[in-house]
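Chains as they are written, first to last, in our numbering: chain C, 1209 to 1318; chain H, 96 to 657.
Read the hints as simulated data drawn from the structure, not as lab findings.
Since the structure is predicted, the reported quantities are computational estimates derived from the model, not experimental observations.
There is no bait here: all hints are sound.
Simulated pairs of lysine-lysine, DSS-like, Cα-Cα distance not exceeding 30 angstroms: (1) H:204 - H:244; (2) H:253 - H:243; (3) C:1302 - H:654; (4) C:1302 - H:655; (5) C:1238 - C:1279; (6) H:204 - H:189.
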Amino acid sequence: MESRTRTEGGYTVVELEGEVDLSCSPEVRKVILEVLKAGQHLLVDLSAVSYIDSSGVASLVEGYQVAKRKKLKFGLVGVSQSALGVLVLARLDKIFPIHATVQERIRADG
Amino acid sequence: MNSKKRTILFDNRQYTLEEKLAHLAEVTQSFAASLNIQQTLQNAIQQMLVYMDAEAASIFLLENNDSELVCRECAGPVNITGLRLKADQGIVGKTVITRACQLVRDVSKDPNFSQSVDKNTGFITKSILCAPLLVKDSCIGALELINKKNPHDLFDRKDEHLLLALASASALAIHNATMATALVEQERMRKELELAREIQLALLPSTVGKEFPVAGVNFPAREVSGDFYDFFRRADGKIYFNLADVSGKGMNSALLMTKASSLLHHLARTVTDPGELLSRVNDELCETVTRGMFITIVSGFIDQEQSTITLANAGHQPLLYHHDGRFEEIPAQGPPLCILPSMSFPVTTLPMQGGSLYLYTDGVTESLDENDRPLDIAGLMHLIQSNPQTGATRRLENIVTRIRRPGVNQRDDITLMVIDCTPGAVMNHLLKQHYQARPDQLVQIRNQVRQTVEQCGCTPTLAEKLVLAVNEACMNVIQHAYRGDHTGEITLEILNNDNKLLFRIEDHAPPINLSAVRPRDINELRPGGLGTHFIREIMDDFRIGHLEGDAGNYLEMAKKIN
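Generate coordinates for the entire structure from the input sequences, incorporating the hints supplied.
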């Protein structure tokens, strides 16, 4: 798994790539929480995620909850088919704000 | 009571013969109405004091196989209730032995008079009248009167006649009351036995679904049974079964049965070798069993995955394997339980190749037909052979109907069991691999699962789901069973049973708390606890358990594929 962080339209975008499982989900969690700790709005780009398990999903849930508490914006973009399947199983597809691209999210923000 | 006695003692009025006869009729009537033994005795004593003008009266009953005379009720200045005399001791003894009334006008002149009571109490006995209590041909004791109330009077022949009449009424009343007490006791015992029977019934397995391959029936000859049978499916899918006969038929057999069946039921959850199971139960039973009691038993396991039955026969009747219209007898290879400790019990392995296995107790083969001939094994074979092809329980009921004929007293407990030997579908072993319990191993596990299930024809979407479920299971082992100890090992096995994929994951971590593994409420938004929910969503079926001897844990998941 690899992760890259960039900024776009007022968001910090964390791009994850590869398989997100127990071996790297603690790292994903750390990255997500650091962004939020710095008070930045966060989008997690899952377009290159070929696999995500419940530990990876747990990091996303935690990010979502912390952002809400800190009144920061949070969302997922470009969710891969594989990752979406897992989110659906966890009934989180209706909870997380999900958009195809960062631009789409920005448009939706108005 | 005492005040009443005293009143009578100080009542010096003399009764006329007519009055006495009228009272006698009244007494006889009141005796007939009483079924309480103590009340009857008290009643008799009171009547004697009043109508015989006696200073003291006592009732002695023969007890301890007629070897002793015990004073069960008395009235007078000295209380001798509970006094025990030898059956031939004193005037009372002579009365009982001769079964004739004894009138001793002056005791000082009678060699049979026992002076011990007077010596101990200071009471002075002058005159005694003693009558036997006779019921039909047997004597149950005696009524004894001591001293006339008037110190100058002595007992005479008229008193003797009156006491004899009173004694025969008393004897009948005492006899009836004793019988009534025995009946009440009998009824109490019957109720106790009914309760014992209920407990025994609760130990027998309850009826299970039609697809379960074992069925059994038990008809005790008396309220409680020395036979038992049991079967249940273990956490690992194997089915345990037993059928046994405890020597004897009474309460002692029933109690031993209760202990043996409980031990077997408990140990069979973790012990898988039928020989070892019987050996351990035998050692335990030998420690406490009453000498001379023993248990013959067939006990074993059905492994539907491997299509085999493993069993041990400890001194029991041969099992009958009915297959293709033929019978094969499987005789006992070990001694009965409870004979000697440290015995070994050889194990027989039978491949399940169709047909049925019949287990039964000797109550079946020794049941008598219309001509009083025992059914025998040949007769049982005939009944099995002629049985229509119906469900297992119905087949057993048909056999029982034939051997428990109406109006014929059942001599022994009847217990029968049938095991369906239809082979399970062939298990295809697709993968068996060991992994280190580390997060970085998960990618390898996923790749191997993906490859294996795709080769079975799973679509990529289904394959991804199965991969996720196995990944979650292994993750649970790493995080919760081994608790981060990365030196442990995970074994993953994938089998295909007739297009049903079976995933089995084993670890060697300490036994986990099974009740803590359950899917959480998915509507509750929190980071952890999703894994078990995923497994439940993806798989058709899953179960967890501890390995034999608490050597670790296992998780089995099944998914039907096209």
